[in-house]
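There are 2 protein chains.
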Amino acid sequence: MDTNIFKKFSDIKPVEMSPGYMAQLIHTGANTLNFLEVKAGAVSAIHTHIHHQCAFVLEGQFELTVNGEAQILDANTFAIIPPNIPHGGRAITDCKLLDIFNPIREDLRELQKKQS
Amino acid sequence: MDTNIFKKFSDIKPVEMSPGYMAQLIHTGANTLNFLEVKAGAVSAIHTHIHHQCAFVLEGQFELTVNGEAQILDANTFAIIPPNIPHGGRAITDCKLLDIFNPIREDLRELQKKQS
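In the order they appear, the protein sequences are chains A and B. Take 914 as the starting number for the first sequence in this note's numbering and just add one per residue. Take 914 as the starting number for the second sequence in this note's numbering and just add one per residue.
If you're looking for bench data, these hints aren't it; they were derived computationally from the structure. Please note that the accuracy of each hint is not assured.
Remember, identical chains collapse to one label, so a pair may be satisfied in a single copy or spanning two.
[As the list claims (entries may be wrong)] In silico lysine to any residue, SDA-like type, Cα no more than 20 Å apart, as pairs:
#1 1009 x 922
#2 1009 x 935
#3 921 x 989
#4 920 x 1012
#5 1026 x 971
#6 1027 x 956
#7 1026 x 999
#8 1009 x 987
#9 921 x 1005
#10 920 x 952
#11 926 x 993
#12 1026 x 935
#13 921 x 971
#14 920 x 1001
#15 926 x 1012
#16 920 x 973
#17 926 x 987
Nothing here was measured: the structure is a model prediction, and the numbers come from that model.
In isolation and in its complexed conformation, chain A is listed as follows (with noise of 0.2 Å):
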């Protein structure tokens, strides 16, 4: 187990969830933080999942959808999405985004240790 208190994001290698978003995944104890780099133009499918989500755009404009509104996302605005809300989106332009998940989404570890 890693208990060193500082980190540096060179260490965490990304890994690829969709076509142009690249994660660096943090895991805490309660909750999964995901800082991507998304592509302009690339798509995330609606989906749904049972963790509460935080999504926020660092840089850039991102178009969400969360039960079929659509608004585009960009440093000044954010969304909480509960659980289990259908949601989706597309890059506007290259964008940075954080998304905070609590509990932790154990399907990102997984995907994490398939891509190591």
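Following the hints, put chain B in place on chain A, whose structure we already have.
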């Protein structure tokens, strides 16, 4: 209760946690997310809390001291601070920080109420 999914940062009133530390707080079901704007030179005195904390520097440079060890963090680095570990810091430049706490910081929720 606010059940809107899409949110604006401009709707979150900043609170001054300590001189030079302006916080925009988001409380979810499980976590408190704190987006901070910090003035160069502003100091956060060494303190502890029961909450697990992930500390990110979104812009600028921040010197974080954890358990007596100091490191200058920027957007390429971060820190995972276990519960009850003494920590504090100092902004090297004007900077934007994101702290993620688990569980919710009820003390900061109270501070928000007092300053609202």
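Hints, verified against the model:
1. 1009 x 922: Classified as both; 14 Å inside a copy, 17 Å across copies.
2. 1009 x 935: Answer is within: at 10 Å inside a copy they meet the 20 Å cutoff, but 23 Å across does not.
3. 921 x 989: So residue 921 and residue 989 pass the 20 Å test across copies only (6 Å; inside, 26 Å).
4. 920 x 1012: Classified as both: same-chain Cα gap 19 Å, cross-chain 15 Å, threshold 20 Å.
5. 1026 x 971: neither (26 Å within a copy, 27 Å between copies)
6. 1027 x 956: Answer is neither: 22 Å inside a copy and 43 Å across each miss the 20 Å cutoff.
7. 1026 x 999: This pair counts as neither: shortest intra-copy Cα distance 26 Å, inter-copy 33 Å.
8. 1009 x 987: both (10 Å within a copy, 16 Å between copies)
9. 921 x 1005: Only across copies: residue 921 and residue 1005 sit 19 Å apart there, 28 Å inside one copy, limit 20 Å.
10. 920 x 952: neither (26 Å within a copy, 24 Å between copies)
11. 926 x 993: between (27 Å within a copy, 18 Å between copies)
12. 1026 x 935: Answer is within; shortest intra-copy Cα gap is 15 Å, inter-copy 39 Å.
13. 921 x 971: both (18 Å within a copy, 13 Å between copies)
14. 920 x 1001: Between copies only: 17 Å across, 30 Å inside.
15. 926 x 1012: For residue 926 and residue 1012, the Cα distance is within 20 Å only inside one copy (17 Å; across copies 22 Å).
16. 920 x 973: between (25 Å within a copy, 17 Å between copies)
17. 926 x 987: between (26 Å within a copy, 19 Å between copies)
Checked against the numbered hints given earlier, this structure breaks hints 5, 6, 7, 10; the rest are met.
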